[in-house]
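Undergrad: Given next are the chains, with one letter for each unit.
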Amino acid sequence: MGQVRIPDAAERALSYPHELSGGMRQRVMTGMMISRSPDLLIADEPTTALDVTIQAQVLELLLDLRRRNQMSLLIITHNLGVVAEIADRVAVMYAGSIVEQADVFDLYERPLHPYTRLLMRALPRLAKGEGRLETIPGNVPNLVDTITGCVFHPRCPQRLPVCAVTVPRARPAGPARQVACHLLEADPT
Amino acid sequence: MTALLTLEAVKKYFPLRPGLLRRANRYIRAVDGVSLTVAQGEAFGLVGESGSGKTTLARLIPRLTPATDGKVVYAGQDLARASGREVTRLRRQMGIVFQDPASSLNPRATLRKSILRPLELDGIRGSEARERLDATVALVNLGAEVLDRYPHQLSGGQQQRASIARAIVLRPQLLILDEPTSALDVSVQAQILNLLQDLQGEIGLTYLIITHNLAVVRYMSDRIGVMYLGKLVELAPAAQLHARPLHPYTAALLSASPPANPRLRDRKRYPLAGDPPSLIAPPPGCRLHPRCPAAVDRCSREEPQLVLSGPGRQVACHRWEELTLTAVSREDRPLRVHER
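Protein chains in written order, with this note's numbering: chain V, 1 to 189; chain Z, 1 to 340.
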């Protein structure tokens with residue numbers, strides 16, 4: 001409990017979950033998981049329910065534990081801010097498929113898959129009056145229905161005829177980078 | 001600048017039920033003396049974390065909860081002194097959009113029914129009601145084909161458009177937006193934010209936007225107020241707040257909020273120690289002092305008042321003049337996303 005920075009650890013160990021704050025509960029969970037010195041820690045939306053100042057503490061803690069325990073981290077999140085903050089590599093998923101995998105800097109600065117690109121431009125990073133946000137047409141598909149071809153083609157502004165027919169294969173697109181998109185197969189840039 | 005809404009030293013204390021010990025006079029001090037003015041046509045953003053009192057404050061404005069003390073003045077009228085009828089009339093000039101559209105829309109009513117309801121309550125029926133409904137639905141870009149569906153048959157984005165339609169169908173002057181996009185995906189959030197910006201121009205609304213999301217508040221607001229544990233700690237034009245925060249809490253909040261740009265990982269941080277303290281017995285002096293990296297002796301003894309720190313700027317910190325808090329946003333240029 002010391003490693004996950006619970007103050008008065010001995011006393012706190014006797015507390016029930018409802019007596020702890022959200023940030024503290026998340027630190028306890030992290031403590032439970034690292035107590036057996038795992039090689040890999042999987043964190044599913046580890047900060048989604050937390051306030052930003054507490055989120056910052058938890059992210060800092062995860063990074064610190066990783067360094068000290070030589071542990072790998074797999075973070076699952078919908079928050080692109082959190083990803084930018086702690087990931088080395090990122091895989092972007094859409095409707096059950098990984099559409100792009102890249103180094104974090106490449107992903108944010110040069111997204112290649114149309115879905116990733118639209119996502120990056122939909123983030124509010126501007127001040128009022130500096131411009132409009134990009135949106136993605138349509139809605140996330142119902143996963144009960146089978147989509148033929150590329151999972152993103154019904155919403156993709158750049159779709160080709162082939163996209164509705166064939167599932168694009170993940171292809172290398174630079175060092176440590178893979179993209180599953182027919183556009184890149186047709187016109188590798 | 002004409003003030004549409006003025007809050008003067010507004011307080012909301014929720015009494016705690018006396019327990020076994022029957023200790024009287026214990027309160028949760030959700031809002032503890034907040035004063036601010038929102039101008040006609042302005043977009044005012046209120047930010048803060050859980051327990052800062054921002055949502056309680058929003059509920060005090062249409063008197064969904066009566067204030068414990070202080071004054072809420074809307075369009076020149078004191079809501080605490082207004083008669084029941086007057087309050088009803090004033091409330092019709094305000095719309096509210098809540099965080100979770102799925103739970104704020106009646107699950108047993110079609111969207112048409114939900115959006116018509118405020119008109120009905122205002123005695124508007126028949127063809128006039130239908131015309132107003134059509135006009136409003138067009139304003140929020142909701143397809144006419146979804147009007148006869150129930151909320152659960154719609155996507156989150158459509159539900160939130162319907163909530164907005166219901167909130168503006170009486171053409172209020174003020175629209176209170178309480179975490180309007182927190183339950184939505186990034187791309188749907190972008191659609192709703194764009195819509196809200198368009199609406200403001202088209203029907204001349206004044207916005208009070210309440211959110212914990214700093215990127216959203218920056219994109220939407222002209223001025224921003226920062227709340228911590230029931231108090232307003234800083235108030236400034238949006239660009240200035242981001243460029244040069246004066247309160248250590250504002251700096252902490254800005255630096256903790258991940259900017260969706262991996263190049264900013266090494267930015268200067270102002271980490272806050274520990275968790276927010278209890279609202280029942282808030283710390284003496286400045287409420288931030290137990291967590292503040294810049295706290296000195298005085299901060300634990302004397303409560304800082306909100307003072308003018310420049311044109312249109314106010315801050316409640318004993319040390320604002322000596323501290324130089326680095327802007328996060330100086331390097332936070334919009335990331336260039338290459339075109340192909």
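Everything labelled a hint here was simulated from the structure, so no lab data went into it.
In this text, a Cβ means the ideal position worked out from N, Cα and C, and glycines have one as well.
Any given hint might turn out to be false.
As the list claims (entries may be wrong) - Computed beta-carbon distance windows for the label pairs:
#1 V:PRO154 x Z:GLY126: 36 to 42 angstroms
#2 V:ASP44 x Z:GLU8: 26 to 32 angstroms
#3 V:ARG12 x Z:THR65: 54 to 60 angstroms
#4 V:GLU130 x Z:THR65: 31 to 37 angstroms
#5 Z:ILE203 x V:ARG66: 48 to 54 angstroms
Undergrad: Please test the hint of 54 to 60 angstroms on the beta carbon pair from ARG12 of chain V and THR65 of chain Z.
TA: violated (35 angstroms)
Undergrad: If you check the beta carbons of PRO154 of chain V and GLY126 of chain Z, does the distance land in 36 to 42 angstroms?
TA: holds (41 angstroms)
Undergrad: Against the range 31 to 37 angstroms, how does the distance between the Cβ atoms of GLU130 of chain V and THR65 of chain Z compare: consistent or not?
TA: Roughly 36 angstroms apart at Cβ, these two residues keep to the hinted range, so it holds.
Undergrad: Does 48 to 54 angstroms hold as the CB distance between ILE203 of chain Z and ARG66 of chain V, or does it fail?
TA: The hint (48 to 54 angstroms, Cβ to Cβ) holds, given that ILE203 of chain Z and ARG66 of chain V are roughly 51 angstroms apart.
Undergrad: Per the hint of 26 to 32 angstroms, is the separation of the Cβ atoms of ASP44 of chain V and GLU8 of chain Z within bounds?
TA: Taking Cβ atoms as reference, ASP44 of chain V and GLU8 of chain Z lie about 46 angstroms apart, which means the hint is violated.
In summary, the structure is inconsistent with hints 2 and 3 from the numbered list given earlier, while agreeing with the others.
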